[in-house]
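**Student:** In my numbering, the protein residues as written are 1 to 125.
Check before you lean on any hint, since a few could be wrong.
The calculated label-pair distances, taken between Cβ atoms and stated as ranges, are [to be verified]: (1) 21 - 58: 36 to 42 Å; (2) 51 - 1: 32 to 38 Å; (3) 3 - 42: 37 to 43 Å; (4) 74 - 34: 16 to 22 Å; (5) 3 - 49: 32 to 38 Å.
What the hints contain is simulated information worked out from the structure, not anything from laboratory work. Every residue gets a Cβ at the ideal spot worked out from N, C-alpha and C, and that includes glycine.
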Amino acid sequence: NMRAIDLARFGLLCLNRGNLLGEQIIPSGWMEESTRPDLTPGRYDLYKDKSWGRLFFNKPGNGYGYYWWASEVPGHPPDYFAFGIMGQILYISPRLNALAIRLGRGWELRDWWPDVLRNYLERIS
Numbered sequence: 001n002m003r004a005i006d007l008a009r010f011g012l013l014c015l016n017r018g019n020l021l022g023e024q025i026i027p028s029g030w031m032e033e034s035t036r037p038d039l040t041p042g043r044y045d046l047y048k049d050k051s052w053g054r055l056f057f058n059k060p061g062n063g064y065g066y067y068w069w070a071s072e073v074p075g076h077p078p079d080y081f082a083f084g085i086m087g088q089i090l091y092i093s094p095r096l097n098a099l100a101i102r103l104g105r106g107w108e109l110r111d112w113w114p115d116v117l118r119n120y121l122e123r124i125s
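Start from the sequences and build out the full structure, keeping to the hints where you can.
**Tutor:** Following this line, the structure appears as structure tokens:
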């Protein structure tokens with residue numbers, strides 16, 4: 001399990017393209033590549049009938065790769081997020097220069113948390 005502060009620190013490292021407190025820990029090129037959505041036609045067809053697949057992969061510009069779920073943002077680097085098995089979510093928006101986290105004990109699809117967190121960040125930014 002990861003504490004909220006630890007997840008936020010990791011998110012800050014990612015938001016700053018691998019740089020933490022002036023030290024480049026992860027190459028920025030790798031951060032860009034790993035968070036770019038894979039938009040290969042037909043790549044996610046197997047998931048479109050899953051409940052979470054309908055919420056994510058049926059939207060243009062959404063993709064997955066390197067364990068990051070990513071959404072294209074015109075004119076900006078993509079927003080991206082990671083899911084944990086117990087409902088943890090780390091949502092990062094380079095466009096807003098912000099991140100949000102959610103900790104949980106599990107997850108259901110009553111709410112699509114990435115949209116909730118994105119909307120929250122847009123309102124406070």
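**Student:** So, for every hint listed, does it hold in this structure?
**Tutor:** Status of the hints after comparison with the structure:
1. Taking 36 to 42 Å as the suggested C-beta distance range, the pair residue 21 and residue 58 conforms, at roughly 40 Å.
2. About 25 Å separates the C-beta atoms of residue 51 and residue 1, a value inconsistent with the hinted range of 32 to 38 Å.
3. Look at residue 3 against residue 42: about 40 Å separates their beta carbons, and that is inside 37 to 43 Å.
4. Checked against the hint of 16 to 22 Å, the C-beta distance between residue 74 and residue 34 comes to roughly 21 Å, which is consistent with it.
5. The hint said 32 to 38 Å for the Cβ distance between residue 3 and residue 49, and at roughly 36 Å that hint holds.
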